[in-house]
Amino acid sequence: MWEIWKKEIYKIASRKVIWCGVLLLLSFITFRLYAEQKDYSVTIDGQSYHGKEAIEKDRKLTAEYAGMLTREKVQEIYDKYGFYYYDDKTESYAGNFCSKFVTEQMTNYNQTSGNDPSQIRFYEGEKWEQNAAPLLKDNLQFDYFYGWQDFQEIYGMMGILLLYVILIIGLSPVFAEEYTLRTADILLSTQRGKKSCIYLKIAAALSFTAIVYLMVTAYIWFIYLLVYGTQGLDASAVLAGASFFGYGPGSIGGFLLSISALGLAGGLLLTGCVLAASALCRNSFLTVVVSLSLYLIPVVWLKVFAPMWILGYSLTRAVNHFMASMPMYLPMNWSFGFTAAQIHRHLLTALAVAVSCLILAYQKYRTYQGKK
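With full-length UniProt numbering applied, the sequence shown closes on residue 372, and no number is skipped along the way.
FYI, nobody ran anything at the bench for these hints, they're computed from the structure.
You may find that some hints are simply not true.
Claimed, not checked - List time: in silico DSSO-like cross-link candidates among lysine-lysine, alpha-carbon distance up to 30 Å:
1. 137 <-> 127
2. 57 <-> 6
3. 7 <-> 38
4. 16 <-> 6
5. 38 <-> 100
6. 11 <-> 303
Stated by the list, open to error - Here are the computed distance ranges between Cβ atoms for each label pair:
7. 92 <-> 359: 22 to 30 Å
8. 104 <-> 253: 38 to 46 Å
9. 34 <-> 86: 19 to 27 Å
10. 31 <-> 230: 38 to 46 Å
11. 75 <-> 322: 44 to 52 Å
12. 359 <-> 113: 40 to 48 Å
13. 317 <-> 68: 36 to 44 Å
14. 118 <-> 307: 35 to 43 Å
15. 211 <-> 90: 45 to 53 Å
16. 129 <-> 352: 14 to 22 Å
It should be emphasised that the depicted structure is a prediction, and the values quoted were computed from it without experimental measurement.
Backbone N, C-alpha and C fix where the C-beta goes; we use that ideal spot for every residue, glycine too.
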């Protein structure tokens, strides 16, 4: 049994398209991070720094203000460093991470040209209460989280979703290729071929997805830790993009780990869907087309049909939650402000769909009669 499982793993791993895709994805993320580090600049006490040195200076400066974010701390940052803005004379941004945070989160910076500090003003009245005041409540913890906010955007919003596309292409031949090569006729003619061999094919596909996903995730975590260190992982998650509402870990570290865990769950669900399509379509190319279509359906629904409420309020909301349980949106559940109960239901829905797809794949392949 162990030997069969290893052979099935090797069969999937021998597809060069998977490793080419993974290599391109990781190369892009690595190059982008390198460029981000190289172009990073900071101005402290009139002195400009660039690259790795700038990051280290920013980390050291921010450490002085680490801890609970208060109005007094915000005022102290402003009094010492002023607002963050683009300096036309030096053709670079004047300021540092702390002044940038205060400027972007608590002023009208985004409503100005961004290059004239005299136009920048702190929010007042209702705008202050809506935008800045929430950051000064609930004992939010401040620290240097620039790199981890970038990690969330690159890994959580792009890396996982592109990896899913690579897995769709790589896993589509699992059953479909057996039909095309007529090896299914031989395999299914044996007693073990109709039972344990199918189980092992499914187990190998799930194992391969988990291994590749964890390898990619570990690599991305490693390079970000190499550049930005661990500083900021204990800062409050809402500062890095987590919703103020709904359920989620309090720290950035916990928040990013939850994204990684949801991404793994989404990858295993995706594997089940692809295997079902592979068993049904009997053609690798058609399996890719069908799987990609299924993968993108939640986007079409939530962006196009859901706002129209074509199924009525209650049913449309139910479908919305179902779509949020699918691979496209499961890793991004944090961005919708869902409660803990809703996220748990989404995970149970994902589990039910994955199991159903795997049963369908098993039954369809097992009952294959061959070409007449």
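Results for each hint:
1. 137 <-> 127: The given pair, whose Cα atoms are some 16 Å apart, holds under the 30 Å limit.
2. 57 <-> 6: With a Cα-Cα distance of about 49 Å, the restraint between residue 57 and residue 6 is violated, given a limit of 30 Å.
3. 7 <-> 38: Between residue 7 and residue 38 the Cα gap is close to 44 Å, so the pair fails against 30 Å, i.e. violated.
4. 16 <-> 6: holds (18 Å)
5. 38 <-> 100: Judged against 30 Å, a Cα distance of about 19 Å means the pair holds.
6. 11 <-> 303: violated (38 Å)
7. 92 <-> 359: 22 to 30 Å: violated (59 Å)
8. 104 <-> 253: 38 to 46 Å: Violated, since residue 104 and residue 253 (Cβ atoms, about 23 Å apart) do not stay within the stated range.
9. 34 <-> 86: 19 to 27 Å: For residue 86 against residue 34, whose Cβ atoms are near 23 Å apart, the range 19 to 27 Å holds.
10. 31 <-> 230: 38 to 46 Å: violated (23 Å)
11. 75 <-> 322: 44 to 52 Å: holds (47 Å)
12. 359 <-> 113: 40 to 48 Å: Violated - the Cβ-Cβ distance for residue 359 and residue 113, about 59 Å, lies outside 40 to 48 Å.
13. 317 <-> 68: 36 to 44 Å: For residue 317 and residue 68 the Cβ distance comes to about 37 Å; the hint holds.
14. 118 <-> 307: 35 to 43 Å: holds (41 Å)
15. 211 <-> 90: 45 to 53 Å: holds (48 Å)
16. 129 <-> 352: 14 to 22 Å: Violated - the Cβ-Cβ distance for residue 129 and residue 352, about 43 Å, lies outside 14 to 22 Å.
When held up to the earlier numbered hints, the structure conflicts with 2, 3, 6, 7, 8, 10, 12 and 16 and fits the remainder.
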